[in-house]
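Visitor: Chains P and W supply the protein sequences, listed in that same order.
Take 1 as the starting number for the first sequence in our numbering and just add one per residue.
Take 353 as the starting number for the second sequence in our numbering and just add one per residue.
No lab work stands behind these hints, which were simulated from the structure alone.
Nothing here was measured: the structure is a model prediction, and the numbers come from that model.
Where hints are given, some of them may not hold.
[What the hints assert, rightly or not] Not the full set, but computed from the structure, chain W residues with beta-carbon under 7 Å of chain P:
| id | residue |
| --- | --- |
| 1 | Phe388 |
| 2 | Ser415 |
| 3 | Val445 |
| 4 | His446 |
| 5 | Pro479 |
| 6 | His531 |
| 7 | Glu534 |
| 8 | Leu536 |
| 9 | Pro653 |
| 10 | Phe654 |
| 11 | Ala655 |
Beta carbons: idealized from backbone N, C-alpha and C, even for Gly.
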Amino acid sequence: MYSVGCFPLVNRGLPRGGALAYSPRDGMNPQTDITKDAALALLRVMLLARRIEERLIRLYHQGRIFGGVYCGFGQEAIGTATTAVASADDLFAPCIRDMTVHLGRGTPPRDIFRQFLGRANGPTRGRDGNIHYGELHRGVFAFISHLGAMLPVVTGGVMARRRLGRPAVGFAYIGDGGTSTGDFHEAVNFAAVFEVPVIFVVENNQFAYSTPNAHQFRCKDLVDRAVGYGIQGVKADGNDVLELRATVAALVEEIREKPRAVLLVCETMRMRGHGEHDDASYVPRELLAAWEQRCPIRVLREKLVAATLASEAELDALDTAVQAEINEAFQQALGDPAPSPSTLMEGVYAVG
Amino acid sequence: MPSAETTFLEAIRQALQRLLRERSDVVMFGQDIGAFGGAFKVTAGLQKEFGADRVFDTPISESAILGAALGMATMGLRPVVEMQFSDFAMTAVHQLLNNAGTLHYRTGVAAPLVVRAPCGGGFAGGPFHSEELEAFFCHMPGLKVVYPAFPADARALLLAATLDPNPVVFLENKYLYRHVKEWLPAEWGPTTLGTARVCRPGSDAVVLTYGAMVHEALRAAELVHAEDGGEVMVLDLRSLKPLDTDSILAAVAATNRVLIVHEGWHTGGFGAEIAALVAERAFHLLDAPIWRLTAPDCPVPFAQELEKAYRPNAAKIRDALLELLEH
Ligand SMILES: Cc1ncc(C[n+]2csc(CCOP(=O)(O)OP(=O)(O)O)c2C)c(N)n1
Numbered sequence: 001m002y003s004v005g006c007f008p009l010v011n012r013g014l015p016r017g018g019a020l021a022y023s024p025r026d027g028m029n030p031q032t033d034i035t036k037d038a039a040l041a042l043l044r045v046m047l048l049a050r051r052i053e054e055r056l057i058r059l060y061h062q063g064r065i066f067g068g069v070y071c072g073f074g075q076e077a078i079g080t081a082t083t084a085v086a087s088a089d090d091l092f093a094p095c096i097r098d099m100t101v102h103l104g105r106g107t108p109p110r111d112i113f114r115q116f117l118g119r120a121n122g123p124t125r126g127r128d129g130n131i132h133y134g135e136l137h138r139g140v141f142a143f144i145s146h147l148g149a150m151l152p153v154v155t156g157g158v159m160a161r162r163r164l165g166r167p168a169v170g171f172a173y174i175g176d177g178g179t180s181t182g183d184f185h186e187a188v189n190f191a192a193v194f195e196v197p198v199i200f201v202v203e204n205n206q207f208a209y210s211t212p213n214a215h216q217f218r219c220k221d222l223v224d225r226a227v228g229y230g231i232q233g234v235k236a237d238g239n240d241v242l243e244l245r246a247t248v249a250a251l252v253e254e255i256r257e258k259p260r261a262v263l264l265v266c267e268t269m270r271m272r273g274h275g276e277h278d279d280a281s282y283v284p285r286e287l288l289a290a291w292e293q294r295c296p297i298r299v300l301r302e303k304l305v306a307a308t309l310a311s312e313a314e315l316d317a318l319d320t321a322v323q324a325e326i327n328e329a330f331q332q333a334l335g336d337p338a339p340s341p342s343t344l345m346e347g348v349y350a351v352g
Numbered sequence: 353m354p355s356a357e358t359t360f361l362e363a364i365r366q367a368l369q370r371l372l373r374e375r376s377d378v379v380m381f382g383q384d385i386g387a388f389g390g391a392f393k394v395t396a397g398l399q400k401e402f403g404a405d406r407v408f409d410t411p412i413s414e415s416a417i418l419g420a421a422l423g424m425a426t427m428g429l430r431p432v433v434e435m436q437f438s439d440f441a442m443t444a445v446h447q448l449l450n451n452a453g454t455l456h457y458r459t460g461v462a463a464p465l466v467v468r469a470p471c472g473g474g475f476a477g478g479p480f481h482s483e484e485l486e487a488f489f490c491h492m493p494g495l496k497v498v499y500p501a502f503p504a505d506a507r508a509l510l511l512a513a514t515l516d517p518n519p520v521v522f523l524e525n526k527y528l529y530r531h532v533k534e535w536l537p538a539e540w541g542p543t544t545l546g547t548a549r550v551c552r553p554g555s556d557a558v559v560l561t562y563g564a565m566v567h568e569a570l571r572a573a574e575l576v577h578a579e580d581g582g583e584v585m586v587l588d589l590r591s592l593k594p595l596d597t598d599s600i601l602a603a604v605a606a607t608n609r610v611l612i613v614h615e616g617w618h619t620g621g622f623g624a625e626i627a628a629l630v631a632e633r634a635f636h637l638l639d640a641p642i643w644r645l646t647a648p649d650c651p652v653p654f655a656q657e658l659e660k661a662y663r664p665n666a667a668k669i670r671d672a673l674l675e676l677l678e679h
């Protein structure tokens with residue numbers, strides 16, 4: 001069995017003290033820190049992503065989606081919490097498992113299905129597939145496969161917006177594996193040097209395809225890297241959307257005023273294969289079972305019920321409504337047109 | 353079962369296995385190639401058989417993979433590294449162009465290393481998992497570029513590439529991995545880089561091509577023969593650098609009509625290089641203009657409808673051949 005390094009199977013809270021630690025909301029109580037509507041909005045985004053991905057998985061195995069399907073099961077809290085505290089000017093560079101970034105920024109489920117089905121009226125008009133999309137009018141850059149490549153791009157985007165007088169903050173997402181790229185290093189250092197307010201959100205889901213943390217990096221914790229870049233490093237539980245939201249809200253508030261780059265390392269777990277073609281047989285099943293208890297949707301539901309903010313029945317009803325919405329969005333996208341081969345060369349160059 | 357047919361993928365695996373078995377200086381590394389056996393399973397079982405010292409996983413660091421391979425190559429090892437997809441080699445292109453490609457010219461030090469790079473499309477991989485980058489690699493001085501189309505050639509040329517004292521980019525078209533099988537002879541050949549092969553004889557026209565397009569061209573030649581009796585030669589280049597110019601010129605002399613086919617982009621594509629060669633050296637032999645059938649100058653599209661329009665195939669090659677024969 002692989003040794004997969006340091007990560008909590010239970011919520012160990014945010015680290016206290018020390019130069020790196022940053023924990024403005026230790027012991028946060030959801031009852032006092034979030035309204036019912038805001039909490040349900042978080043749950044809704046996570047449920048949308050989960051139910052969309054469940055449908056995509058089925059479509060893939062039915063041979064109705066070509067290429068591949070890559071899921072964010074278990075990582076839904078990260079995009080949800082970060083988009084929840086952002087403002088309209090902010091910029092995002094989501095990575096492989098960040099459907100909740102798109103949903104959090106308002107991309108309708110129908111457009112996500114169009115993207116995966118390669119429809120002519122989807123976000124990339126059939127030119128690109130699956131996770132490679134993003135709508136700049138929502139502040140979201142379209143991901144390219146080359147890991148790390150989007151990090152300098154969002155950094156430059158934020159620099160430009162600020163010059164134009166818009167107080168943007170950037171959110172750049174990357175996996176544990178992606179931190180090994182040259183682009184990651186260059187982007188973080190660049191943003192550090194220019195004090196660009198970008199939060200580099202590392203989603204440490206323990207595996208990069210088949211490669212565990214132990215074969216990917218040697219530092220005790222990825223957050224330690226912040227020291228080398230001269231920026232603040234923050235450690236967070238990536239599966240607790242309420243805690244994460246509070247942590248990020250405080251960070252964003254600070255760096256929007258006093259611009260600087262931050263490394264935010266979220267511990268989480270990839271709950272499915274790298275893609276749906278991969279059964280992840282290299283991931284110990286006990287590990288998955290342990291993380292299943294920490295499913296971000298489950299964690300939020302339990303907290304809301306415990307805080308008497310919502311009843312089980314209410315939450316079930318929300319889930320049912322989300323499922324119905326997804327079914328409808330999917331049916332609509334199914335009826336949408338495929339791109340015409342005659343449009344192949346359209347859009348290679350901008351006109352004007 | 354000595355007579356069973358072997359897939360392209362398995363043939364490559366056999367070459368890697370033989371190299372590890374027979375040469376203690378060969379090491380292999382890349383993303384997920386160890387216990388997992390690689391994204392396409394080309395290295396399946398090799399770490400188990402030869403140990404994690406010789407076959408190992410790396411971080412997601414293409415520059416470090418290629419740069420470290422170069423360092424090892426200068427110190428007496430023969431690294432055979434894998435890019436998970438050839439597309440990702442472009443994040444480390446300076447290691448090939450500026451470091452590996454120039455080393456021997458600058459310093460007289462040889463760098464025997466092989467970069468295995470799965471390439472090509474046709475399976476809805478979209479813009480970043482389908483690229484055909486041979487023209488980029490061929491443009492770099494000091495590199496050799498090999499691009500086999502058949503299992504036996506892949507097996508033998510990978511061996512030859514590894515034994516070559518230079519950096520070699522070894523392109524593995526993903527479409528071939530599981531689609532193409534053949535019976536492998538006991539003898540491994542060719543033993544050197546830079547020889548083309550006539551895989552279908554013909555006297556009316558020649559298709560100059562490589563990689564997956566060899567198989568599309570063979571199908572197209574059959575279609576043309578069935579439809580109008582034309583005899584189309586198919587020349588599989590197998591190695592792009594060095595390029596077997598003698599075989600190309602002989603094929604032109606035998607047919608007088610040339611269609612160049614590749615899956616990579618049109619402008620500055622490798623077909624332009626072949627066309628220039630034919631124009632420079634065999635202009636007097638031509639009965640028709642040199643034709644090129646390539647991918648158009650747009651990113652590789654995802655949607656099936658678009659990718660079908662994008663990628664050359666047997667039907668498009670047939671159409672081009674019929675027109676060329678009419679000319
Ligand atoms: C530069 C580059 N090299 C290789 C790949 C192939 N690849 C795609 S995803 C992946 C693993 C990514 O792991 P990680 O960054 O931890 O993200 P996760 O998949 O765990 O979310 C690899 C190796 C790539 N996309 N980009």
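Visitor: Could you tell me which of the numbered hints above are not met by this structure, giving the numbers in increasing order?
Guide: 3, 4, 6, 7 and 8
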